[in-house]
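**Student:** For reference, the chains in residue letters:
Number of protein chains: 2
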Amino acid sequence: MAANRLMSDFPPAPDKLVTLANWRKSPYSAWGFRNVRQLLPTAEILASGHFQSLETDLRDIGQTSFKGRDGREATLASALGSSNTDACVVLRRGRIAAEWYGNGMSATTPHIVFSVSKSICGALGGILADRGLLDPDAPVTSYIPELAPSVYATCSVRHLLDMTVGISFVEDYDDPDGDVIRYRYAVGWDPLPAGRESPDLRGFLATMKPDGKKHGDVFHYVSTNTDVLGWVYERACGQPLAEILSQFLWQPLGAEKDAYIAVDKHGAMRAAGGICVTPHDLARFGEMIRRRGVANGRQVIPGAWIDDINSSGDPEAWARSEFAELFPKASYRSKWYRIDREKNVLLAIGIHGQYVYIHPEAELVIIRMASEHTPLDPDSALGWRRGFDAIAQRFL
Amino acid sequence: MAANRLMSDFPPAPDKLVTLANWRKSPYSAWGFRNVRQLLPTAEILASGHFQSLETDLRDIGQTSFKGRDGREATLASALGSSNTDACVVLRRGRIAAEWYGNGMSATTPHIVFSVSKSICGALGGILADRGLLDPDAPVTSYIPELAPSVYATCSVRHLLDMTVGISFVEDYDDPDGDVIRYRYAVGWDPLPAGRESPDLRGFLATMKPDGKKHGDVFHYVSTNTDVLGWVYERACGQPLAEILSQFLWQPLGAEKDAYIAVDKHGAMRAAGGICVTPHDLARFGEMIRRRGVANGRQVIPGAWIDDINSSGDPEAWARSEFAELFPKASYRSKWYRIDREKNVLLAIGIHGQYVYIHPEAELVIIRMASEHTPLDPDSALGWRRGFDAIAQRFL
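Sequences listed follow chains A and B, in order. According to this note's numbering, the residues represented by the first sequence are 279 to 674, in order. According to this note's numbering, the residues represented by the second sequence are 279 to 674, in order.
What the hints contain is simulated information worked out from the structure, not anything from laboratory work. Since no wrong hints were added, every one of them can be taken at face value.
You can't tell identical chains apart in this list, so a pair holds if it fits in one copy or across any two.
Listed below are the simulated DMTMM-like cross-link pairs for lysine to aspartate or glutamate, each with C-alpha atoms no more than 25 Å apart in a straight line:
{"no.": "1", "residue 1": "294", "residue 2": "424"}
{"no.": "2", "residue 1": "294", "residue 2": "475"}
{"no.": "3", "residue 1": "294", "residue 2": "521"}
{"no.": "4", "residue 1": "543", "residue 2": "287"}
{"no.": "5", "residue 1": "487", "residue 2": "449"}
{"no.": "6", "residue 1": "607", "residue 2": "495"}
{"no.": "7", "residue 1": "543", "residue 2": "293"}
{"no.": "8", "residue 1": "294", "residue 2": "478"}
{"no.": "9", "residue 1": "543", "residue 2": "478"}
Only a predicted model underlies this, so the values are computations on that prediction, with no experimental measurement involved.
The shape of chain A in the complex, shown without the other chains (with noise of 0.2 Å):
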């Protein structure tokens, strides 16, 4: 496949070349979403070493019809293998029903999951808030007082669990000179133009302003507020998020892999969107958000903070939001997606294609890990959301 050619030769040919002006860029992306590592610096979240090898209980769903991208009928095998996935696992159960691997992916290799970083962060919030450590109304100034000249001086840390913070900040990923470029500059993800200087990450989160509109009021998804999350864990800790996420989370999951996170220049952690995991992990995870945050026997996350995702996201927050039209009966709390209020579907995204889908009557959990095109393609959202939909209906 010809993103396997991608820095095959030394060096590569200029046309294989995967830089950090290129990485998330088509054809590249396919290359650098499973290299972060050999891109940016990165500090690592720790496994255990103790794992349980996910079992199988291989089901025929290849076959599994549904109306994709286009709007035409396509099976979930078609869908896969020309749609740039890396990977795709399904549980069933607990088990492996079905697993897709391309681009040079395998179950153990660590892929980057953009904003579903968000989510494994919110599932650490509940962690954090049951021990104490975490206080969800508390101010965020009480944990940064920093941020006080910032429209964060004002808001709590559930307003930055739910996205709810009044921000003045265009998430346009394809605005060449935006919010999200200049964000971009701060994190290190894109080279810095000759003569240009930036601030560091925690610097920048320090200039974001408001937009005028009550903190709690409407869904307002700003990447910057799960970045301002990871501060204030680090702050109600007193250590960097990635040994937080490894003592809390990612140990007590029974993770097989060290997972990893992409760090700036002055060692913040992007909590937002700089988590790079396996496939099989990332289904480990998935597993146990079903589960009520049991994994390996034991209580990881608290039940009651799966329940309150499921009870307390406010429908109406949603429905003044930009996403409303994309998924229009869903909720957001702590960092997830209830996509249907009826079932309780949970959804985390990620930019180009990343999803952990959680269908409870089925019993059913999916990862995608893809390097699609476009960082947001509504279609493809719609798509797969109507592709894993077809898959839980099989197993109702």
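Following the hints, put chain B in place on chain A, whose structure we already have.
**Tutor:** Just chain B now, with coordinates in the frame of chain A:
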């Protein structure tokens, strides 16, 4: 300990902040050398997942006495505690006789070993030659024709292995505008000053010029030779160096943890100095060398390659070198120093105090990792050599 406070707050205080600009300077190096992946792009060198824990047979050697760095009598315990030592492991007959950790290190924390990387790559060469993948006597340009305009046009792989290339390069780590700093910009180990440009590592290697001396005549320590060697391996195997190291060395060795290696902005891997390994795995590696290439009951490195290190180093090439004063009776072969030609004592050396010491007669392997202030401190090197010899003496 003060070094442990580095990077401990969020953000760290300015005098506790470790960055690309200070990570090799004291005191920042005490954190930087065990967190290279948080500062640089890196590639993993995968372990197999199967390893045997090192057995222990503890010996009370802390009071071993020797003439230290300052020429005064010291004990091993006091020397370890006052020399920016990060880790020291003493294996006697393959079992841990003593181990010591400081500055936040543990048995399983990867630490950069600088030019000990060269010795690791030298051992790898024996494996590749044995498999018929590498011909040590072949011209470098038979693997890398692009080096024809450089000094490497006329030398063989063997000249790279033995550091006898007649190359013009002043390996002065303290010169603010010499060959070394240009080399550092090329590999991305120092921030590029505003307005300055640099080739990547491979581009830099192609600019190396001859010094007029005949290849093979003089041991002339130049790091770039080992980067070229790593590049030769990549061409010989058609794989990135990190994969070659994993497949042929790290997995068969039975390493406990993944190691990793620094990469430049275009994926070139730092064979000369960028490998980061854990103390226990470096001890396993040293023990394999001591056992003539055997680990886990199998011959990983050909015994003849180790024998050749002991028999074929050229004492005359050594006698003509800048290092002859430091270790008068040594020789150098396949990236290993043989510092005692009677007892075949082997040494691997990295800047800032990294060592692997192998004393066959005493059935002893010692590894030391450190964050010494100066890159190359001859007094310290001589002191530690006396210390290692004194430990060996106890077991003779």
